[in-house]
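> One letter stands for each residue in the lines below.
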Amino acid sequence: MQHLYDLLIAPFVDFAFMRRALAGCLALSLGSGPIGLFLVMRRMSLMGDAMSHAVLPGAAVGFMLAGLSLPAMSLGGFVAGVLVAVLAGLATRFAGIKEDASFAAFYLLSLAIGVLLVSKSGSNVDLMHILFGSVLAVDDAALYLVSGVASVTLISLAFIYRPMLLESLDPVFLRSVGARGGLWHMAFLMLVVLNLVSGFQALGTLMAVGLMMLPAITARLWSESVEGMLVMAVSVAFVSGMAGLLLSYHFELPSGPAIILVAGLFYLFSLLFAPAGGALPRYIRARHFES
Amino acid sequence: MTVILDNLTVSYQRHPAVHHVSGSFVAGDATAIFGPNGAGKSTLLKAMIGALTPDSGHARLQGFARQDIAYLPQQSEIDRSLPVSVLDLVATGLWHRTGPFGKVGRAGLGQAMDALEQVGLADFAPRAISALSSGQFQRVLFARILLQDARLILLDEPFTAMDAKTTFDLLELVRRWKEEGRTIIAVLHDYEQVRAYFPHTLLLAREVVAWGRTEQVLTDANLKRAVDTAAHWQDRATVCQVDGVNV
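Sequences listed follow chains A and B, in order.
Going by my numbering, the letters in the first sequence line up with residues 1 to 291, in that order.
Going by my numbering, the letters in the second sequence line up with residues 1 to 247, in that order.
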């Protein structure tokens, strides 16, 4: 018993930075989990990845102007992300390019500018920090940011849930009742950017996408209702965060990748065993009902 | 209360799919839009609900507000992989009452159940839409139209790939709507259905070939003309001068 306590509980009891990291993970899970799920349902799983790269130049500009300051880098990242989303949206709307293609074009542009800025102005260590973050260095300001974003995300999703889902389900019907699908889509993309920015202090721009997508994709394998998937996505994200933190504490691993790898293990396990889409339950068919 | 097309042109990459179409639909009655593939039938419907922007001209739905219009999309335009239940999909027919944020409520869900009952799918309410056949799914979409309670009903290929029983049941709904004085405009491919249920026909081949009483429109000569016109596709078409403006 004592052993289990030392393994699972003691690190959080003994160290404030671990508690803060855990709270950060909870907030991140509450925001990123649902956002990731909607990305998966809208067949935009790779969009999160694109947006995470798009955030980079903004964060770099923030770093150049204000040093390693969270507000400056977050604001910069948010502006850059939204700019890419808006430009890609405009290109899709007015130039006859499919959305995924125009996102690819603009995020690559943005990424190139970002790498250029970072290499001109900072050291490789700074680049590493922006890319990989450090959840163990989450301070109060970062905690406020992450929990603020999670709150905004959950409230906004509650509002845009119906039109957004309907826009992916049946876009022409939505037009026929006079609703503007594009508006909801844009609001949703802003939430995506917001959550990536909130994740990047803790996990870095690259790993923040991991906590967004892996639990969401895993959730799809476990449930057939949106509600079930939401609960599952948030739970998997939080448990991954907690387990990843413990792994990183006990084995002195970088926390971001440890968290994402745990989420990845959940995914691989679910791929085989999950009831609503896993390989084995599909193979071993349950006996069907009477017709 | 009329639906008027006023010199309507809608094109894809400058090639008109609907070309200078003018005329008006008879209110309170059923009109079929008939014509070969590529004749612009679905395009015309989409322009009428405002989902496509015309190059020139208008579709004017005089006396119909937004909530008076129900539209049945082609099934291929709906993503059925999403985890949505049959009842929830039908309940979207209450959009005009709920808007994007409002509550559907118990009364709303009751009405949705009623509508499902009328299309014979009450037992399917909790199932996922991905688990339905295309015939069952079409019944669900008709249930949504029942819930919308619209005075103008636009149907895009409602009976394509439906079996005889489903087609018959849904056509009876169309007959009922007609008797209730609603205006129905449907894109159809079956000659017999048009003759049996639709007193008026618009024969379309990018342009109006004929428009009026069904028996006068669907003549052999008109049908042949429609096929010939639709098949006539020019790779290097010259710019149309009808509007007198060189675009």
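Certain hints may be false.
[Unchecked claim] Now the stretches of chain B that chain A is said to cover, found in silico as 3 or more residues with beta-carbon under 8 Å:
(1) 3-10
(2) 60-71
(3) 75-82
(4) 114-123
Treat the hints as calculated values from the structure; they're not laboratory data.
We treat Cβ as the ideally placed atom computed from N, Cα and C, and that holds for glycine.
> Among all the numbered hints in the text so far, which are the ones the structure does not match?
1 and 4
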